Amino acid sequence: MAVANIFSGQMAALLRKEFLEAWRDRRALWMAICFSLLFPVLLAGSTIFFVKKHTEETTRLALLGGDSVPVLEQQLRGASLEVDVVAQGEPRALLADGYDLVLQVGEDFVEGYRNFRAPKLYLYVDSSSTSSGRAERHLQERLGSLQQLIVSQRLTARGVAPQLLAPWQLQVRDISTPSSRGALILAMVPGLLILTLFVASLATSVDTSAGERERLSLETLLLQPLPGWQLIVAKTLAVASMGWLGALLAIAALVTLMPLMPLAELGIQQATTVSGVITMGLLLLPLALLVAVVQILLALRSQSFKDAQTQLSILQLAPVTLLMVLDMSRVELGEPFWQLVPLVGQQQWLKGLLVGDTVSLPLVVAGSLVCLMLVGVSVAVGARALRRESLLGAV
Amino acid sequence: MVWMRRLLFVAVLSCGLGVPGSVVGQDEPVSSTCYLDGWGDSLLCYRISVGADANAIELSVTVAPAVNDAGREPLYLLAGGPGQAASDLAPLLNAFRRINRERDIVMVDRRGAGLSAAFRCGFEREMPADLQSFSRQLAQCYLRRPQFAEALSSRQAVEDLERVRKTLGHHRIALWGGSWGTRTALLYQQWYPEALSALVLDAVAPIDTKVFLTATAAERAMQRLERDCARDAICAGFGDWRSELDQLLANWSGERAAQFPDPVTGVRGAQPVPRWVLANSIRTALYDPAAAAQLPYAVHQASRGNYLPLSGISGLFLNTTDSMAMGLTFSVACAEELNRITADEVAADSTGSFLGSAFFDLFYSGCQAWPVSAKPYSAPEERAHPVLLISGEADPITPPDYAERQLVYLSNKQHLIVPGGGHINSGRGCIPDLIARFLNAPQDSLDQGCVAEIRRPPFMVDAFGPALGKGVGVERQGGQR
Chain A
1 MAVANIFSGQ
11 MAALLRKEFL
21 EAWRDRRALW
31 MAICFSLLFP
41 VLLAGSTIFF
51 VKKHTEETTR
61 LALLGGDSVP
71 VLEQQLRGAS
81 LEVDVVAQGE
91 PRALLADGYD
101 LVLQVGEDFV
111 EGYRNFRAPK
121 LYLYVDSSST
131 SSGRAERHLQ
141 ERLGSLQQLI
151 VSQRLTARGV
161 APQLLAPWQL
171 QVRDISTPSS
181 RGALILAMVP
191 GLLILTLFVA
201 SLATSVDTSA
211 GERERLSLET
221 LLLQPLPGWQ
231 LIVAKTLAVA
241 SMGWLGALLA
251 IAALVTLMPL
261 MPLAELGIQQ
271 ATTVSGVITM
281 GLLLLPLALL
291 VAVVQILLAL
301 RSQSFKDAQT
311 QLSILQLAPV
321 TLLMVLDMSR
331 VELGEPFWQL
341 VPLVGQQQWL
351 KGLLVGDTVS
361 LPLVVAGSLV
371 CLMLVGVSVA
381 VGARALRRES
391 LLGAV
Chain B
1 MVWMRRLLFV
11 AVLSCGLGVP
21 GSVVGQDEPV
31 SSTCYLDGWG
41 DSLLCYRISV
51 GADANAIELS
61 VTVAPAVNDA
71 GREPLYLLAG
81 GPGQAASDLA
91 PLLNAFRRIN
101 RERDIVMVDR
111 RGAGLSAAFR
121 CGFEREMPAD
131 LQSFSRQLAQ
141 CYLRRPQFAE
151 ALSSRQAVED
161 LERVRKTLGH
171 HRIALWGGSW
181 GTRTALLYQQ
191 WYPEALSALV
201 LDAVAPIDTK
211 VFLTATAAER
221 AMQRLERDCA
231 RDAICAGFGD
241 WRSELDQLLA
251 NWSGERAAQF
261 PDPVTGVRGA
271 QPVPRWVLAN
281 SIRTALYDPA
291 AAAQLPYAVH
301 QASRGNYLPL
311 SGISGLFLNT
321 TDSMAMGLTF
331 SVACAEELNR
341 ITADEVAADS
351 TGSFLGSAFF
361 DLFYSGCQAW
371 PVSAKPYSAP
381 EERAHPVLLI
391 SGEADPITPP
401 DYAERQLVYL
411 SNKQHLIVPG
421 GGHINSGRGC
431 IPDLIARFLN
441 APQDSLDQGC
451 VAEIRRPPFM
461 VDAFGPALGK
471 GVGVERQGGQ
481 R
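Line order of the protein sequences matches chains A and B.
full-length UniProt numbering applies: residue 1 is where the first sequence begins, and numbers increase by one.
full-length UniProt numbering applies: residue 1 is where the second sequence begins, and numbers increase by one.
To be clear, the hints were calculated from the coordinates, so they are not data collected in a lab.
Heads up, a few of these hints could be off.
Ranges of calculated distance between the beta carbons of each label pair, as one might list FRET restraints [claimed, not checked]:
no.	chain 1	residue 1	chain 2	residue 2	range
1	B	His170	A	Trp168	30 to 40 Å
2	B	Val30	A	Met188	34 to 44 Å
3	B	His170	A	Glu136	35 to 45 Å
4	B	Glu162	A	Ile175	46 to 56 Å
5	A	Ser132	B	Leu318	39 to 49 Å
6	A	Arg301	B	Val30	16 to 26 Å
7	B	Arg125	A	Thr273	49 to 59 Å
8	B	Val30	A	Leu361	43 to 53 Å
9	A	Ile175	B	Ser373	40 to 50 Å
10	B	Asp130	A	Leu123	52 to 62 Å
11	B	Tyr409	A	Ile175	43 to 53 Å
12	A	Glu56	B	Val408	38 to 48 Å
Quantities reported herein were computed from a predicted structural model and do not represent experimental measurements.
Quick reminder that beta carbons are idealized off the backbone N, C-alpha and C, glycines included.
Chain B extracted, bound-state conformation:
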């Protein structure tokens, strides 16, 4: 018995009870358990120091650990804007559950956004309705931290990202970029190609594309909506709602602006809605097909003096400006985009569009108040990483054309185009599955058949919502094909 007991002790000690649980070495970063809104499971949070002197901050890095660590490269999520934070992308983890089974998903809030010392300028509390007040508020914001504003750029974001990759000990990483995040991802690919395994780019903003010229893209998205509405028997009943929209915008007056009701309080004229705000809110509705499906009805009603539906649509996007750190937005946009756009290009882009220069003007006047130096990119070099591109056919800011035409330097790419899709489609239909498949076998070409099954939501046809019944007759397969 004695020998047996001794054997038991020796064996128990040598196999080390209590081995599980991470042993933190000296160089490894310390993490704590944390949560992000939109995702119920616990996450690991790191704070990583970046920058120097007055610009030194602690970067917020959040990791959704793989359910089973199979040793696959982690997927880093890069948020858009510029000015949005990766931590705001946490709800996307629901769609990326399958990817997260075997891969860590890493969310780095870039410097000046979200939990990494967000550079806000107070616009989340109230957005001024005239461009002069907007610029004034922005100028004051700039003067509070001019050095920080100058320090923020895509180059700095990529360097920070690289710092995070090394600190977390990741050999190679895959990147998912959404909207402006695709620009950051494409630049990372240029500057650190050896650290990258694959790219997933949703709503692509290629390096050479002037994405702040949005009027033509918004106009095309509106035309796609017109086409799909015309193919839907009931929506087609609105007739020429598109001309009504042009009329509405052309004849928008101070009197009408004062009649526009507030979507939250219901009060009319509390804050008049000028033409440029109205045009922008219609443009914004095109980002989301569910909101776009309500535009024909809302425009039709507005042309008859009922502004309630249009006001309701603008209410759908009330929370989106909250997440944008405007200081970061202008630091990057003014230094990397606005300075390379000429007046002629603005004129060419806005001619013949419903939006005109309403979107550009906001940034143009903002950049007057935000004097950061120009930070141009060099011409992109050829790259052979596997790249999955995702575009919404009716995206009003990064249309499929951008990904089709401006990425010739990428030799190994596949493009998913979602019919009737708006801005960002990674969570829709079978797209999450296709992304998971792509990441597991990036060299294989994907079977894209299921993408065509993604449909626009049903059009709003009356105060009761969508038509469920036949009525005049509804096209069976939706109108997107």
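Okay, chain A solo, but in the shape it has when bound:
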């Protein structure tokens, strides 16, 4: 009965007007779409790039003075390490010439090695180059195994079982699962999805409140025989629709791009399920409503259109920064109570669903209800604010 009343007549017309205005604004729409697609594309791109760099690229090593140590050269050469013997040269020039590393062998290296004097090898790197870390790792791996072989031969020569060098064996046991390792890459995603809500609805919320006030159409709207809460609800729904669309688009883009990301090579399982994706979309809806109504209230409070934009820009950064800081500082929010706090709750659920974990249904329902209650309170506050004359005076 109540539903029928609300959506009949004037309210329906009001909703139609708000939605039309919101969705007709091409610039706001494009901003929402672009931002929503931006971070999934960046995330996928950086993962692909990272894996490519770590697994496919080979290191070019110049072995300076290497003509005197052919066995060393032969043992260093491998799938990931390309070795060129250079008789003469300046390490700096060789590094500039396209080599990732220069390993310099001294003139009396062979003599020192044969006499157990532990001769030195000099490794020249350019640590300001992005590939230097990987290159050094490649070389250390090869040098390490050669070193192990030599040590083992030296011990054998003296009749010593090499196991005497290992008083114990450390066995590492990793309690992560292929799906939970996804958290390494997907850690930022919940925060970014929530940020998308804020950004995608920003332009529309400013326009529908401070914008309407400056265009003087808000006054006309207030003259209509409509209760204030209906006005706020209509605007909230229109604004939230934009924010929610952005978030859904971001989720869709992320899920579409995930198969392109070489996660399996990092030992990570793609564990996001279809039901998980649908749930992610749904649980963002109450938050979209809350974000929309808070944005509208702040914009109505502001002095001008510009002021509204500034305030909302700060608003969008503050909670998201807070979430990221909480996440990075590894503050334990394990208590179920935290899942009732808007933003924190959604962040935790998204995090779980992304790596295929289970999420407690009662807590999701309770947390969403808390969120919707806050929406109700905000609507009431907004309705009161609409009754103040000073509202229209602010220019």
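Given the coordinates of chain A, assemble chain B onto it according to the supplied hints.
Using the frame of chain A, we list chain B on its own:
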């Protein structure tokens, strides 16, 4: 708003939050999270009951789940010996990472090995140095569980494997067998061809091959080592070390045996090393090219009275006997191999070899104390499964010849021969990649070019280890080609 909330509830309930996580049905086996040494990630462990009455045990089955389950057949690993456990193969998972991305890897400890009621006889604590004490200890071990000893065989191992496959609900499986595991795999292929998709066999022991006749194979591996050493300019400096080896073994005396130092304590003569033990430990060194690369130097030194390097080489294999469940080893070896070998064959095999019958004697005297009944195989029937064979060119127990000559009944096979390779090569160079490629497209022929790039490790030339510098001059590409 009410309708929206209602919609939210309905949708949330219907898409079922908390769906992920396996739902265990009534018939599905229950697994627990577990770990194996040599592999850091968590695994799934199952216990599956097999056998009846006194022989009933719970089989240990360990699964490394695929990172992304793409619905490909799982790969089962079968260990060697007989007597080794698949759970000891866990370190191989590091090399098989790529295979494990889309395939489950399943390790079944066969009955009597590893975590499946290992049938040990106390040899892991101390190995007697004379054959009489060895047989005595073995006889006592047999008498403790004669029925269990009789129950263990390749047939039983294959039936257990089939039981595991059905219990885990695997429609078809691929098998990787190493050493004796290749025999089990080949028999599984004979008896359950419809359950098998492809075979990867590393160090192949064909059904008809008498693999316990090892002297000729060991001799060939030694000759390959001689050839490669002669091609390496510095190793060639040892001259005729091979004759020195023959001299050493021929003139080995009690006095020398008492001079042999212990590689762990450094004490001389604590346990004398008789000739058959010395010959076997030299044979064992040929399994691993890194150990074999030290033989020319060690033999050269020993012929000059310095036994330290040879002792050091024997120290490299101290841990390997630990993993062998000797009760299982003898149950299978005596029933399926030793009983089909004649004295003439032993004589023909050992003539002209450095090893002689030193390896065979150990099993022969052991089998006298282990009276299980003979369990012969029937002649293998033709099979068309895709098979990838891997052999080490210088393998002292399952040389490439075995795979080349004795598997004519397999119509769809490819053979990778690793130059200078020893026993088991699945983890070396590009072999893991080739195995992954083979499993994904078993009908395609593999590009084997990269196999030739696998080299022997550098030879030990002096107390400082390998020669890094030119010295007299070192052949640039190693000596294996």
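Results for each hint:
1. Under the hint 30 to 40 Å, the C-beta atoms of His170/B and Trp168/A, about 38 Å apart, fit the expected range.
2. For Val30/B and Met188/A, the hinted distance range of 34 to 44 Å is satisfied, since their beta carbons lie about 37 Å from each other.
3. The supplied range of 35 to 45 Å is met by His170/B and Glu136/A, whose beta-carbon atoms lie about 44 Å from each other.
4. At about 33 Å, the CB distance of Glu162/B to Ile175/A disagrees with the hint of 46 to 56 Å.
5. Between Ser132/A and Leu318/B the Cβ separation comes to about 41 Å, which falls inside the hinted range of 39 to 49 Å.
6. Taking 16 to 26 Å as the suggested C-beta distance range, the pair Arg301/A and Val30/B does not conform, at roughly 60 Å.
7. The hinted range of 49 to 59 Å is satisfied by Arg125/B and Thr273/A, whose Cβ atoms lie roughly 51 Å apart.
8. A beta carbon spacing of about 25 Å between Val30/B and Leu361/A contradicts the range 43 to 53 Å that was offered as a hint.
9. Range check, Ile175/A to Ser373/B: Cβ separation about 48 Å, and the 40 to 50 Å hint holds.
10. Judged by the Cβ atoms, the range 52 to 62 Å given for Asp130/B and Leu123/A holds: they are separated by roughly 54 Å.
11. For the pair Tyr409/B and Ile175/A, the beta carbons lie near 47 Å from each other, so the given range of 43 to 53 Å is met.
12. Between Glu56/A and Val408/B, the C-beta spacing of about 41 Å keeps the proposed range 38 to 48 Å intact.
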